[in-house]
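Sequences are here, hints too, so could you generate the full structure?
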Amino acid sequence: MLGFSLLPKGTLPDAQRLLAARALRGFTDGYVALLLPYYLTLCGYSPPQIGVIITATLLGSGVMTLGAGLIAYRFHNRTLLSAAALLMMLTGIGMAAVTDFWPLLIVAFVGTINPSNGDVSVFLPLEQSLLTTTTPAPSRTALFARYSLIAGLAAAAGAQAAALPALAAPWLGLTDKGAIQAMFLLYAATAIAVLAIYRSVSPALGVDKASSQPPRTPLGPSKRRVYRLAAVFSIDALGGGFGVQSLLALWLYQRFGMTVAEAGTLFLCTSLLGAFSQLAASRIAARFGLINTMAFTHLPANLLCILVPFMPSLPLAVACLLGRAALGSMDIPARVSYVMAVVSPPERPAAASVTNVPRSLASALSPALAGYMLTISSFGWPLVVCGMLKVVYDLTLLAMFRSVKPPEEVTEKGKT
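Per our numbering, the sequence shown starts with residue 1, numbered consecutively.
Just so you know, the hints here were simulated from the structure itself, not pulled from any lab data. Among the hints, erroneous ones may be present.
Label-pair distances were calculated between CB atoms; the ranges are [what the hints assert, rightly or not]: (1) L86 - G257: 48 to 58 Å; (2) L6 - F310: 56 to 66 Å; (3) V98 - L167: 41 to 51 Å; (4) S200 - L164: 23 to 33 Å; (5) R287 - A163: 36 to 46 Å; (6) L86 - P37: 24 to 34 Å.
Fair warning: this is a prediction, and the values are worked out from it, not measured in the lab. The beta carbon of each residue, even a glycine, is placed where N, CA and C say it ideally should be.
Take a look at the structure:
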């Protein structure tokens with residue numbers, strides 16, 4: 001942590017504004033993800049209806065993210081981010097004002113509600129593309145490490161804020177439902193602050209002054225490479241769905257009798273380890289390359305995941321999980337940095353959306369199968385499958401992309 005600063009060397013001040021917007025969005029996502037199912041219960045909806053609405057938010061986020069990436073080449077990213085902030089404001093107002101099922105379903109689909117702990121949203125490809133233009137290539141991975149860290153810490157703070165409605169309702173004379181609706185209005189108010197931040201970003205940011213002609217398609221010469229990356233990343237996401245936090249907690253309850261409080265402490269520690277470990281990714285990548293960083297930090301983490309079910313005691317299983325957390329997230333900033341580096345600047349928004357949306361969809365396929373596996377055996381087969389699929393991802397990534405280097409790595413190799 002020595003020598004850490006908010007912005008890496010050579011980064012423009014506009015990056016700090018984008019990081020601030022990401023922090024605000026992360027905070028609201030943190031409490032909305034926890035309050036949404038409870039709010040829908042208070043609105044009188046059954047579990048299947050709640051499932052439909054939450055599924056609509058996931059599908060809508062995927063469609064909007066993909067759409068934003070595919071049209072971004074026609075507009076300035078600053079303009080699209082401002083429009084997304086306005087949509088966020090309308091989403092908060094709509095969630096607070098609408099309680100009938102079909103209108104609520106429409107708000108969930110077209111809005112910006114994010115019910116997961118990740119960020120697949122309309123903002124993602126636009127922010128990542130703009131951030132890349134604020135920093136020199138050697139600092140790009142470090143900047144995305146800070147982007148991920150700030151998002152994770154803000155989401156954790158937001159999750160704690162989910163307790164505010166229960167605490168504040170008696171003091172304000174509100175029902176539980178009314179207090180949560182106030183939190184959705186806070187979501188809308190936060191969107192106004194996010195909009196102000198986006199409008200303060202320099203209009204020249206992200207403008208390719210060297211190009212005399214605007215691109216005609218969202219993906220040009222890098223199309224095949226981006227599609228291959230999306231397919232390989234989906235293997236990783238499919239494996240990750242077998243080890244989602246809720247299912248891991250269920251297995252720990254069944255196998256070792258871990259209490260909810262103990263599981264909460266464990267997941268807090270793993271989240272913090274994963275978030276702060278990303279800061280090391282840039283230094284490792286500077287020495288060994290982005291693809292090597294992604295694969296060779298990920299491989300031992302996945303082997304530890306496979307070992308967890310074989311541990312005879314809870315302390316040994318926890319040790320493996322902590323080790324996995326310390327190593328398993330360093331690929332995140334390296335992955336984003338790599339995608340942004342190996343495509344041309346006009347292709348970056350589309351590349352970000354095309355590589356992220358399939359990951360989100362793939363990760364949604366495996367939890368149901370993992371849950372079924374836990375009903376027929378307490379051994380922890382989902383963790384074994386999770387680790388094995390991720391090992392396949394690491395080896396496939398190495399085989400397919402080890403020779404496809406970002407420009408700065410080619411330049412460094414030429415110097416040596």
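Practice prompt. Provide an ascending list of the numbers of those earlier hints which the structure does not satisfy.
Written response: Hints 2, 3 contradicted; others consistent.
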